[in-house]
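Student: Since the structure of chain Z is already known, use the hints to place chain P on it.
Below are the chains, spelled out letter by letter.
There are 2 protein chains.
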Amino acid sequence: MICYKNLLIATHKESFIGYVVLSDSGIIKSVNKGKCNIKDALDYSGHILMPSFIDSHTHGGYDFSFNDLKEKNIQDKLNKYLAEIKKEGVGHVFATTVTASYSDIKKIASYFTEKYPKEFLAWYLEGPYISKEKNGAHDENLIKNLSTKEAQFFSEVSKFIPVYLALAPEYSQNKKMLNQYHDQINFALGHSNDNNFDSKYLKDNKYKRVIHFLNAMSGFHQRNKSLVNSVLEDTNRNYLIEIISDLTHVRSQTLNFLYQSFDDSNIVLVSDSLPNKGSKNGIYKLNNLEVEKKDYLFYLKDSSTLAGSGMPYNLILKNFYKATKCSFSELVKFSSYNVAKSLKSKTLGRIKINTKANFVLIDKDFNVKLHYFDGEKAKLD
Amino acid sequence: MICYKNLLIATHKESFIGYVVLSDSGIIKSVNKGKCNIKDALDYSGHILMPSFIDSHTHGGYDFSFNDLKEKNIQDKLNKYLAEIKKEGVGHVFATTVTASYSDIKKIASYFTEKYPKEFLAWYLEGPYISKEKNGAHDENLIKNLSTKEAQFFSEVSKFIPVYLALAPEYSQNKKMLNQYHDQINFALGHSNDNNFDSKYLKDNKYKRVIHFLNAMSGFHQRNKSLVNSVLEDTNRNYLIEIISDLTHVRSQTLNFLYQSFDDSNIVLVSDSLPNKGSKNGIYKLNNLEVEKKDYLFYLKDSSTLAGSGMPYNLILKNFYKATKCSFSELVKFSSYNVAKSLKSKTLGRIKINTKANFVLIDKDFNVKLHYFDGEKAKLD
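Heads up: the sequence lines are chains Z and P, in that order. The first sequence runs 1 to 381 under the UniProt record's numbering. The second sequence runs 1 to 381 under the UniProt record's numbering.
Just so you know, these hints were derived from the structure itself, not from any lab. It should be emphasised that the depicted structure is a prediction, and the values quoted were computed from it without experimental measurement. It cannot be assumed that every hint is accurate.
[To be verified] Interface residues of chain Z toward chain P, partial, derived using beta-carbon atoms under 10 Å:
#1 N215
#2 F220
#3 H221
#4 S230
#5 E233
#6 D234
#7 Q253
#8 T254
#9 Q260
#10 S261
[Claimed, not checked] If you want the footprint, here are the derived chain P segments under chain Z, 3+ residues with CB under 8 Å:
#11 213-219
#12 228-234
#13 245-253
We put the CB at the ideal spot given by N, CA and C, even for glycine.
The shape of chain Z in the complex, shown without the other chains (with noise of 0.2 Å):
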């Protein structure tokens, strides 16, 4: 038996201060508030509980990207990639892939259509059913519309594993598949020029989430049926809106003012990390594109267009709660609750009894001291 004592432990509900008590083979046995008198208690003073963090869209680290899958023999990489993530506090990610050619895609899929580590909830294709002028760091040769043979495809793939579908609202065959397909797709919207957007489709459901929220997208504007226009003056949300919290994505104050916007169940905090988070700066391969990796964040080559963040999910975290001065209960929802929901898992984003544990324990600087995986003690240095 093993006890954590004089933690804050944060749920999706609230937060106070208690110990948990863990089985020697780490189910949980127990959460509990106040005082612990069990003898051999680990102490946390000032430390917080969490449910480990899900990190629904990233498109890898440490030299791993999830493009990689199509190749053969990257169990190594992806195994050290996996373990490198723990000591984020990421206990499960959306496998996300960028643009890339059909070919390509089906490989991909053979690897989730076969078998894939528990850390992986659903594949995540941003591209190449998107926008070539809102393309970012995505490759604008490859990019296409939906065809039906693709879409029925997708269906096919998600009977293994959840798939989620970057597509672009503003071409007639994307609307098509977009009617046709969105109760077996979860189609998520963004890398969009759209400025005629019909916000039904938000209304309907028939998007499930929204891309990077404000990066890549038809901006606010007074005239336009704007993406961010949409997002901003639907007042029935009934979708997942993520945000780069890295603070060069979107500046601190703009956090605060989405923040403030959005009901707390809306919100989700994403890395959009490269697979070069945690490389040395220089130049990259991103897929047939070259970036430059400056500290956490990388542009496209000899550009100003940023290509995505390298930004470990816990400072990912640490700038959300700074700029917006949120509670830890909606720093839950944030970070693993608001997913775990979409997805309806009765157990990840929680912490619960009698399941095995995932769970991080974060000092106030937001580093993480322990990391439960699936009832494992993840090694962190």
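Tutor: Same frame as chain Z, now just chain P:
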């Protein structure tokens, strides 16, 4: 004695069914809740009584321009204008001039420093101290920064009439004037392309209003300190935000978003009407520029750049009411009370007993059925 009964009486605090009693000389003798048993009371069931409207950003109408005040013998045109705006429910205005040469500005100033009608609450100079990039319908060749000599001049004029001055903050000279003269001159923020705005100018109340919000200013962006960002992100607003609620300058859904985003003490609805409001469609001169009137809108000639509105103020209110479903009490704030309060008036924007009547009676379609201005019943047909 005159009595109007079965009214919906709206004040900035509440709205109720009731009746008002006026003396024969137009003094409000009582404002009452409930049923009225006074013999000969005039029945206005289904009508709304509000303080008469203040259009605090208008360039004129009915062939009269506030820039014409530099000319001699404009009294007839002005009289006609003042009679016409009463039909829109407008009792008082901010006499708003567009960009002009300093010599013309001085001629206009001499009009204000001598005598002006009681309808004029302030002189509002929209230009020439604005940005060339966001000049809208203003003559680019006359745009300049505010000099010390000019600021001193406006300080002198403000002893006769409150002076409001549009000032683009991206120029260091304008910033200097802002810091030195904000106690004497009421600065207005807008017609500016500032993308690195220091929001302390708002927090320190150096700006008293924001010019037609969302129009002609640096737009919302995730990484810039634009004007739209600065206003939306401000959490402690002590200035007024103008909105042109004609459904074209700002879309209906965006109006509702702004209504939801701001406190009702911050919003002021303006017409920004051009001198040819009320004229036939066609080409007109706006100072040195040519503009084309198309129904309620003006465009720069041969372009799609909006140059201003030609919508009567009562329809401006109707549009906002329909877009937002706000209360009539809020509409009182947006159409008179907030501006009156900013001018420290104890009578305007109110239905106050023992004062000369200043109120309108509108039907449910916002047609003005009755208008008392300064105790006198205006002629409406």
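Student: Just pull the numbers of the violated hints for me, sorted ascending.
Tutor: none
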